[in-house]
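Protein sequences, first through last, are from chains H and C. Counting with the numbering used here, you get residues 1 to 82 for the letters of the first sequence. Counting with the numbering used here, you get residues 1 to 420 for the letters of the second sequence.
A couple of the hints might just be wrong.
[Unchecked claim] Under the rule of at most 30 Å between Cα atoms (straight-line distance), these lysine-lysine pairs were calculated in the DSSO-like manner:
1. Lys148(C) <-> Lys222(C)
2. Lys222(C) <-> Lys10(H)
3. Lys186(C) <-> Lys13(H)
4. Lys21(H) <-> Lys148(C)
Because the hints were derived from the structure by calculation, they are not lab data.
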Amino acid sequence: MTDRDETFDKVAKLIAPFNQKGVALTEATSFAGDLEWDSLVVMDFVASVEDEFDILITMNMQAEIETVGQLVDAVETLRTEG
Amino acid sequence: MTESVANAMNPADEAPLAPSGRDLFSKFDALIAERDALLATGVRNPFGLVMEKVLSPTRAICNGKETILLGTYNYMGMTFDPDVIAAGKQALDEFGSGTTGSRVLNGTYQGHKEVEAALREFYAMDHAMVFSTGYQANLGVIATLAGKDDYIILDIDSHASIYDGCAMGDAQIVPFRHNDVSALEKRLARIPAEAGKLVVLEGVYSMLGDVAPLKEMIAVSKAAGAMVLVDEAHSMGFIGPNGRGVAEEQGVLDDVDFVIGTFSKSVGTVGGFCVSNHPKFEILRLVCRPYVFTASLPPSVVATAATSIRKLMHGHDKRAHLWENSKRLHAGLKALGFRLGTDEPQSAIIAVIMPDLEKGAAMWEALLGEGLYVNLARPPATPAGMTLLRCSLCAEHSDAEVGEILTMFETAGRATGVIG
């Protein structure tokens, strides 16, 4: 299992409590379209990702992230930078 | 206020695609439909009220009916103070109706210097800068202080003017959970040590009327090397031994780098300001675009503001009465069975939580029918998607009026089924 796969799994675990419709997660799953999250859910979820990986995902970065795959990529980048 | 958060990760709040007739207004279709549906229930438009006559800080004629005002932010009731009115009239006579110019060109009159002197005295600070509105004060100061590579760490429930200031300055925006000291501390620790950091807090959050733990928040901010800006819009004149706000009340005003405030609440007119002890503060007058590229306040406005601010310095009795009003209304509403935004009264704002927008609008209209005006607040202005009836008390509300208000809430609450 690569580091990226591990990150994907960790992110998927963090999504689970907010995935009320039980949507199957892939790289292309979108937070708005597929998971139908509103801004409040996004805030709680982002905080949980930040705490899990000890990173900071600014609102500026969040605006660019639409899918689970993009989030995993962003987490990977932030971890290696930090 | 969570408006800007709506962009985060593009949440699913887009209007459905219409097959034809799309133009730049199409993005508002969902909101238009929601408003139409609400009005179709027969409720009066809660965002279209007209005050036909204003009788005093606490009473107006609305729809031909004398109405008690309980949603004006006119905390200290200065709008009809005889000295304030006289100062405004005199300035109109002596200086004319408007300045027609920017503060840095032809728009600085004697009155602008006098109101800035009154602010320096009120806060016991070295510098004061007056803007044309409170919105512009936040917009200008935040956007100018924190630029592209700087970080702004702010409470998720911050006011729209704070978010707009962040966007205008293009800073890196780091929100933290409302009033959560450890969430703030954690995020500060993750920001690069060498980066410029501005922590933006509010003394009183206007939606629920709750107060921030400024003492703890400012301590962790300073420990992380951040500058601190506190918006005291809803506490000036009322909270703190000298009415300087929540930071004064909690004994940490000296650790605040910038206090932002407004003339449109306790001061009773319009305008905004920033006060600071920073030695380089005055340079902001040249580099702050919302200060430079707009006309300054009319002479009558700065004259009324200066007079009002000087009177607020001696407003101890009014402050005490306003606290009594807040405590009594809070206890009375709680006893009637309403759900409130805070367990204890923390400010002059008491938020009554409604089950949904439809019930909230019905309750709002029933109260207006009884002769009481409150603010109906709805998402995205409110946190957690709540619909609120927001009450803001005034030092000029009499004991009898607070009693009347409670009776009106009871009648309207039972008629709409909000309380049993």
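Exercise for the section: Run the structure past the numbered hints and jot down the numbers of the failing ones, going up. Expected result: 2, 4
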